[in-house]
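Enquirer: Sequence:
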Amino acid sequence: MTVRGIPAPGLYQPSIYWEDRAQRFAAQGEGLAAVCAYGMPEFYNRAIHLEQRLALEPWLKVGAGTRVLDVGCGVGRWSRLLAARGAEVLGVDLSPTMIAQAQQRAAAEGVAGRCRFRVGDLATLDVGERFDLVLGVTVLQHILDPSALRAALDAMTAHLAAGARMVLLEAAPTNWVDRCNSTVFRARRRNVYLDLIHDCNLDLRALTGVDPAPFRTQLLPYVRKLPAKLSLGLLALATALSLPINALFGRRALGRSWHAVFVLEVKNRGV
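Numbering of the sequence shown is given in the numbering used here, commencing with residue 1 and proceeding in unit increments.
One should not assume that every hint holds.
Stated by the list, open to error - Taking CB as the label site, the calculated pair distances span:
id, residue 1, residue 2, range
1, G10, E42, 22 to 32 Å
2, P244, P221, 30 to 40 Å
3, G63, T174, 46 to 56 Å
4, L50, P221, 15 to 25 Å
In short, the hints are calculated from the structure, not lab data. All residues carry an ideal CB built from backbone N, CA and C; glycine is no exception.
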């Protein structure tokens, strides 16, 4: 584990990248370094996970038997949470190691009976089922090719049952921000997602914020250039300053938020 993250590869091959990332970090602690900020300290990723959970919580109140598709499920952190609440969950991820970890963790938590996991590419996904909730957390921001991005959202839409809901959490600032972009990540402007949502025949039912505090995003591009001890101290300070602001005001401070939660439904789909 490094306090300054791991540089993005020069050539992004998603299946190779995510499998390598999973092999490095999916078995460590809660596996958050594999699915949140790549290789960053546990305290940093725990803060990200908490902020995401607070932002998503209103949309994750599932009833027993709710059918959920968790795309880009990673180590199954959301699949296991929803299964513990009674949902029947299918988690899909590109990495076999992520899926193996998700299965192991679901068994350890006693929810394996309500969780299924399989390896799959979202852009070509067809599991032959429809779901009451399709969930994607920081997945689309790692699909860089526009045609693959459209195919991924189309595939998610095709798996929605009548009256179902899709919930996405993605890096989607209101202004053009590229200082944190890399060969594996794209912080698209929010309007890009809103246009794509419209083009995929989806209605936007709600849009809320996640993390309006700017400290981490301002620091992150410079972390690897600083001495290790200084990087760790600044990361800890930025996290300590960000967490209470994001926890208290994240959902409401939409205009200033770096990430956003999109709550979607299909337009005019019959039963």
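Enquirer: Quick one: which hint numbers does this structure break? Sort them smallest to largest.
Expert: 2, 3
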